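Protein chains: 2
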Amino acid sequence: MLPGAIQLKKKFMVIDNKEKIIILNGQEFHCAMDVTMHYIGGKWKTVVLWYMRKDKKRFSELKKLIPNITEKMLSLQLKDLERDGIVTRKVYPEVPPRVEYFLTDFGKSLIPMLEEIARWGRHLTEKKGKIVDSQTKKKTKNS
Amino acid sequence: MLPGAIQLKKKFMVIDNKEKIIILNGQEFHCAMDVTMHYIGGKWKTVVLWYMRKDKKRFSELKKLIPNITEKMLSLQLKDLERDGIVTRKVYPEVPPRVEYFLTDFGKSLIPMLEEIARWGRHLTEKKGKIVDSQTKKKTKNS
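For the record, the sequence lines run as chains A and B.
Just so you know, we're using our numbering here: the first sequence kicks off at 1 and counts up by one.
Just so you know, we're using our numbering here: the second sequence kicks off at 1001 and counts up by one.
Source of the hints: derived by calculation from the structure; they are not laboratory data.
No experiment lies behind these values; they were computed from the predicted model shown.
A hint or two may mislead.
Said to hold, decoys possible - Derived DSS-like pairs: lysine-lysine, alpha-carbon spacing no greater than 25 Å straight-line:
(1) B:K1090 to A:K20
(2) A:K64 to B:K1020
(3) B:K1064 to B:K1130
(4) A:K79 to A:K54
(5) A:K64 to A:K43
(6) B:K1090 to A:K63
(7) B:K1108 to A:K127
(8) A:K20 to B:K1130
(9) A:K128 to B:K1063
(10) B:K1020 to B:K1054
(11) B:K1064 to B:K1108
(12) B:K1090 to B:K1063
(13) A:K108 to B:K1043
(14) A:K43 to A:K79
(15) B:K1090 to B:K1056
(16) B:K1020 to A:K54
What the hints assert, rightly or not - Label-pair ranges, simulated between beta-carbon atoms:
(17) A:P93 to B:R1083: 17 to 27 Å
(18) B:P1093 to A:F106: 43 to 53 Å
(19) A:E19 to B:Q1027: 35 to 45 Å
(20) A:D55 to B:E1082: 34 to 44 Å
(21) A:E61 to B:R1083: 32 to 42 Å
(22) A:Q27 to B:F1059: 38 to 48 Å
(23) A:D55 to B:K1072: 55 to 65 Å
(24) B:S1075 to A:E19: 20 to 30 Å
(25) B:I1111 to A:P97: 15 to 25 Å
(26) B:K1072 to A:F102: 37 to 47 Å
(27) B:P1096 to A:R58: 56 to 66 Å
(28) B:P1093 to A:P67: 30 to 40 Å
To be verified - Simulated coverage check for chain B against chain A, where a stretch passes if three residues somewhere in it have a Cβ under 8 Å from a Cβ of chain A:
(29) 1031 to 1038
(30) 1042 to 1049
(31) 1065 to 1071
(32) 1089 to 1099
(33) 1118 to 1132
C-beta: ideal position from N, C-alpha, C; glycine also.
Let's have the full structure, built from the sequences with the hints guiding it.
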């Protein structure tokens, strides 16, 4: 436990009465949901983390796995995730330098939640979606 | 299953090779994570849904429960959630009209995932955060 942290009683953990707030790493949050979304909110973070859940990834590998993300946006997401202690990177002194990103132990604590998020999307896709070859997508859009 | 949907084989559900894409409600997605985040991504949706998980809520109740959200932003989030079939509303012909928002059956399918997201934030708060009276927050920030 960090210095200054107090042991919290279970009954305080959902703060629906708004008379209490959470202070975490110097920031204020109004509920547990708010805390989690600080770490994984935004359009891309969950997707980036998803592809790192099993193994380290290089920047170029992530870019290839997430075709719709721009390099700038991917770089920004990785910087945020590093700042928050979720992702770390190892730089190999090669020419050109090789950089690998991987989840910290703290980052790995997100995996069960990420699996639950992916599971919901998979279930919906199975029920209502279809999977097509990416080459045929233009045809699909116009049909 | 919707017309045109196909039965998907399990092996296709995580689309890491990028040769397949998901088509769902006329939109393209690159993985299951991407699908879920379309529905719950953004700063506020999970928080709004969290407060509706057990019971219907009026706009003013949600506003009170989420002090940091603006009325415009709350209205926007509710419109998105309605458009996506997650939330519906009932208007009572009173003066002034009473409007109640509640989860659809589809929206209720999100609850286990929302609980997992909140659980992670609760766990982190218990480990590293502290809960203080909201009246004392200025003091806390400066200490």
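Structure-based check of all given hints:
no. : hint                          : verdict
1   : B:K1090 to A:K20              : violated, 31 Å
2   : A:K64 to B:K1020              : holds, 14 Å
3   : B:K1064 to B:K1130            : holds, 22 Å
4   : A:K79 to A:K54                : holds, 20 Å
5   : A:K64 to A:K43                : holds, 17 Å
6   : B:K1090 to A:K63              : violated, 44 Å
7   : B:K1108 to A:K127             : holds, 16 Å
8   : A:K20 to B:K1130              : holds, 10 Å
9   : A:K128 to B:K1063             : violated, 33 Å
10  : B:K1020 to B:K1054            : violated, 38 Å
11  : B:K1064 to B:K1108            : holds, 22 Å
12  : B:K1090 to B:K1063            : holds, 18 Å
13  : A:K108 to B:K1043             : holds, 22 Å
14  : A:K43 to A:K79                : holds, 15 Å
15  : B:K1090 to B:K1056            : holds, 10 Å
16  : B:K1020 to A:K54              : holds, 21 Å
17  : A:P93 to B:R1083: 17 to 27 Å  : violated, 51 Å
18  : B:P1093 to A:F106: 43 to 53 Å : holds, 52 Å
19  : A:E19 to B:Q1027: 35 to 45 Å  : holds, 42 Å
20  : A:D55 to B:E1082: 34 to 44 Å  : holds, 40 Å
21  : A:E61 to B:R1083: 32 to 42 Å  : holds, 35 Å
22  : A:Q27 to B:F1059: 38 to 48 Å  : violated, 27 Å
23  : A:D55 to B:K1072: 55 to 65 Å  : violated, 43 Å
24  : B:S1075 to A:E19: 20 to 30 Å  : holds, 26 Å
25  : B:I1111 to A:P97: 15 to 25 Å  : violated, 46 Å
26  : B:K1072 to A:F102: 37 to 47 Å : holds, 40 Å
27  : B:P1096 to A:R58: 56 to 66 Å  : holds, 58 Å
28  : B:P1093 to A:P67: 30 to 40 Å  : violated, 50 Å
29  : 1031 to 1038                  : holds (count 7)
30  : 1042 to 1049                  : holds (count 4)
31  : 1065 to 1071                  : holds (count 4)
32  : 1089 to 1099                  : violated (count 0)
33  : 1118 to 1132                  : holds (count 15)
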